[in-house]
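Residue numbers (the numbering used here), protein chains in the order written: chain C, 7 to 661; chain Z, 7 to 661.
Check before you lean on any hint, since a few could be wrong.
A pair counts as met if it fits within one copy or between any two copies, since identical chains are not told apart.
The calculated DSBU-like cross-link candidates involving lysine-lysine, where the alpha carbons are at most 30 Å apart (straight line), are [as the list claims (entries may be wrong)]:
(1) K265 to K347
(2) K265 to K370
(3) K529 to K370
(4) K374 to K529
(5) K10 to K85
(6) K370 to K113
(7) K10 to K529
(8) K179 to K265
(9) K461 to K422
If you are wondering where the hints come from, they were derived from the structure by calculation, not from laboratory data. This structure is a prediction, so every number in the text was calculated from the model and none was measured.
Number of protein chains: 2
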Amino acid sequence: MEMKRPARVLVLNVSPSVDCGRFPIKRIVHDTVTVSADLVADGHDVVRGRLAYRVRPDGLWQFVPLAHQGNDRYQGTFKTTTVGVYEYRVEGYIDAYATWRERFEKKRAINQDLPRELAQLAQIIAQHLAMASSLPEDVRIQLAQVQQQLESLDVEAAADLATSKVLQDLMLKAQDDQDVGRSEIFLVRVDRPRALFGAWYEFFPRSCAREGSRHGTFAESEPFLEYVAGLGFDVVYLPPIHPIGTIHRKGVNNHTTAKASDPGSPWAIGSAQGGHLAIEPSLGTLADFDHFHQSVQQLGMELAMDITFQCAPDHPWVQEHPEWFSHFPDGSIQYAENPPKKYEDVYPLNFDTPAWQALWEALKDVVKFWADRGVRIFRVDNPHTKPLAFWEWLIGQIQAQYPDAIFLSEAFTRPKLMYALSKAGFSQSYTYFAWRNTPADLRQYLMELTRTEVKEFFRPNFWPNTPDILPEFLQTPNVTAFAIRLILAATLAASYGIYGPAYELLESRPVRPGSEEYDHSEKYEIRHWDLSQTPNLQHLIRQVNAIRHQEAALHNNHSLEFHGCDNPMLLVYSKQSQVDGRVLLMVVNTDPVYTQSGWTALNMQILGMADDAVYIVHDLLTDARYEWRGPYNYVELRPDSYNAHIFRIEAKEGI
Amino acid sequence: MEMKRPARVLVLNVSPSVDCGRFPIKRIVHDTVTVSADLVADGHDVVRGRLAYRVRPDGLWQFVPLAHQGNDRYQGTFKTTTVGVYEYRVEGYIDAYATWRERFEKKRAINQDLPRELAQLAQIIAQHLAMASSLPEDVRIQLAQVQQQLESLDVEAAADLATSKVLQDLMLKAQDDQDVGRSEIFLVRVDRPRALFGAWYEFFPRSCAREGSRHGTFAESEPFLEYVAGLGFDVVYLPPIHPIGTIHRKGVNNHTTAKASDPGSPWAIGSAQGGHLAIEPSLGTLADFDHFHQSVQQLGMELAMDITFQCAPDHPWVQEHPEWFSHFPDGSIQYAENPPKKYEDVYPLNFDTPAWQALWEALKDVVKFWADRGVRIFRVDNPHTKPLAFWEWLIGQIQAQYPDAIFLSEAFTRPKLMYALSKAGFSQSYTYFAWRNTPADLRQYLMELTRTEVKEFFRPNFWPNTPDILPEFLQTPNVTAFAIRLILAATLAASYGIYGPAYELLESRPVRPGSEEYDHSEKYEIRHWDLSQTPNLQHLIRQVNAIRHQEAALHNNHSLEFHGCDNPMLLVYSKQSQVDGRVLLMVVNTDPVYTQSGWTALNMQILGMADDAVYIVHDLLTDARYEWRGPYNYVELRPDSYNAHIFRIEAKEGI
């Protein structure tokens, strides 16, 4: 038999946890972690629970008492104050003093056995003094004093002292570690706020040349950064900036043959000019990149770098490390294919190669190289075609050195694989948002993201478009369609992004009917955008991003609540800030063509108001104010005006 | 970095599992274990899953292929053939050959790259031959033959062979263990069928004297066993048979003072005559017990022994091992109390004593002593007042030596504690059934027991009464009330029991109004029962137990399904046997006073019939047969006759 007596309290069913603790939950700094668990012990003694937590690897354990929620379920909360990894576990123990006190109070009421019970308390205190190994000196002294007093006082006075708040507090501090039941240890990955909240803007620097169809440079792109900052974006994301392969380079509209002047796809990485650590010479030098990066930061934004782990046929690694690739039986290196299609411009890396350790280290060194230059946000291309274990390792390694590093997963694949990537470490993820258009679909998807265990590890980043995705909804130059999708993305998810200027300039033509590829996609050619073109979405984007900055309610996903409406084309939802308590209420007409009206059915309890409350809804887009009463209020939204309300709920003056 | 490349397939969310695998699931022999898991891998390669299982500790691992259920979820089933503990885990791997084959079939359709693809297959086969460490010799030889044939055949014939069923089967057998993702190991406790199914009868042998108020003996109880066997019971459970304490012995109706002639409560164990290893002399000797035990077995029944781990003040352990008890400050041994009540006839054992190891071993030796004498069923009194870790250890120790040992938990306490006892190892448990009377309450409770994760570890044993519990519903001599509760218990749960002859003789008077204690409880005095007294329930019990033996549908809990009825006083439910496929349909009038009638709304799909099926319901109580059609059929049940139907569903002759 083992030498240590097993603890009396069994700790079970700890929540939150992801896959029984196999993966961390995610939080940002200055966030809360509310933990629940079943504490089950035999008999009727008083059970106490505490939540233990610390910063990894060697922070001091801190303790939070748990409150009993009923049915042997306990709960407590701690706050995250540091970026990094926290550990937490739930502990439960029998509180001998509280058990004694419960019995004593009953006996005192009937004046039964009081001297004997007080003598027993003296024993309990003596045991605590003797056993509590980590007893603080002041607690020890005070407890010894109480012990002496109990002996000298008469029964009535001793009974008062024995049940006093003073002794209760002392005994709580004197709890010994000896007989504590413990759960497994669970992890929290704590990120900086940008991992949760941010507006992203993707653009191609090569399209920023001052004139004609010339290839733009980093230097020429710097004025464009002011435009992006002026629209209110937080993160600038650039497609790959590395030398683009020349062998089997793709031409305009993804043609398999390229003209000499075609710039190629930035995702076909590597040429004689270098690979993942080099800069495409047409964009400039590493120094130009650093200067560009500094300008991004000076404008109050952050740079997100693309990580695409694949190689063009002329990537230096193909010659230097043929063992990092798969090979055809004739010894040639295997390109990607999906019969009948062949992607001869791209060689996938073979993550299963016998030389996997060297390959994985080299890929880590790529990320580290850019992190060492100050990049802290990485948008990872197609992570779902590389092993989950690789990402878990790589992100762990990078965040160990750079705890503020953020990774966005660009995966559009099977739901469980997308979620597994987030579990493995991605800070946030692209989503199916681009294909969720109706209020019913949006509601269902958002419920999955914010109401199931998914919310513990998956942070959505909503993109209405990307260079790869021009959804059918946007295949019309109707400015209202673009406005609807922007407002939905920016108010449903704490993180959202657009690929511009295609988005704000209403670029809407697919390469062919039924395709989601842009015609004359910027992936394969240089585009020149006329930012003064009208109609455009610039004013609305500025407004929406300003509202996002001003209203903390939009900085989280968890507070999202849907409300009822008798018109199924209208989506009604609210968000609330735990910081300032403010509530925003959004009403969006998802019909880009027709005016829609209806009556809301608001959940007043969620809005924090009485069912008959009179209140002001203040439209932050138009600055209009309406007096509303209770849950049922008339709304009408017209595609030829703002097709949405972003209301701030305000008290009616004078109430 | 670790030396072994992590597996490509992540195995998550394995079901069934209890508390992330902390506790075993439960099955009986010749039962099935159906396991599901998410298998998540990057990319689009073909993922295969298998369920690995073996008998602990050193059985050979066996493998069952998993079927893909959609959405990356996989499922497989194995059968339990041995009493003991099984291990299982889910494994997933990339099937290189199947991945190749998928691509090849597409290419073959467009006649693209076929020679190259066949060369690649040759490489895959070569790798399997080289790496599959545990490749059976015949598989190796056949695979090598295919390899040679592929070289010599023309492309068309090679393509046929490459995609043939022969090669598919060979490659399945040749899967290597190198790159397999594995879940944790989960456990199954496999019991013999009696752990799940059985009708129990509890009685006091001391009430079986041939004449007067004399104390009955084991020898005198043997004829009574024939009566119990005649009623069709499977298990005979005796209250404790050990010497009863004399100090503070309880008198009639639990009075704190006993007359010299009062026999005392059997649960106050131990006197100068001995403790937990001794027999109360008034009952006879150890040899008498053994003879009685043999008679139980000869009648086709099994004996359940009581395990009550507490001591009367004159139990030998009190003198021999005062360190196994708690002490008052004056050094005297602490009795149980619940202010203002004091239970001075019972000393609880102190499981937390510094001498806990010796105490726990001694308690294990008690169980082992009776197990060594052939007892295999133990009904444990108040296990919820002893540490969960103690039971987990004790039951594990006993079942390691006696895998067929069965433990019934007599806990009526908080739900999570009752469930935790089952998780810790109890084979079955008393329940809240005694206090669930209405169809709505019964339905809700049974759904919890049979539809939630509870079903994986908790086996209910339904008792309408016990010596401690005379529920309000039975505090009337109305034979129908007793009949209703018996039929519910015997058909809702695979295990049920009654405390007799109090039950079948309709003993219904509480010690005082509002109490659930029997008046003149047999716990404190010798009773003499007139088995010929009428009315009684003997005929119904014989019928019900006979039906239980005949109908395998009643041998499980998992198949329970509730059906609709427009009269809320009628409870309609079915059970089905996986063995013979038969379906029983019960209709119970829960009103013991008034006739109730109504229309059923049967779930025909669950009954395995078309919505417009015409079928016979054959009442096994009355032998009446009715022709029913579809879901809606009229039922009327009268308290002055059978107040329930136990229908067997039969095909209409001639269809």
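Structure versus earlier hints - violations, ascending order | Structure breaks hints 2, 5, 6, 7 and 8.
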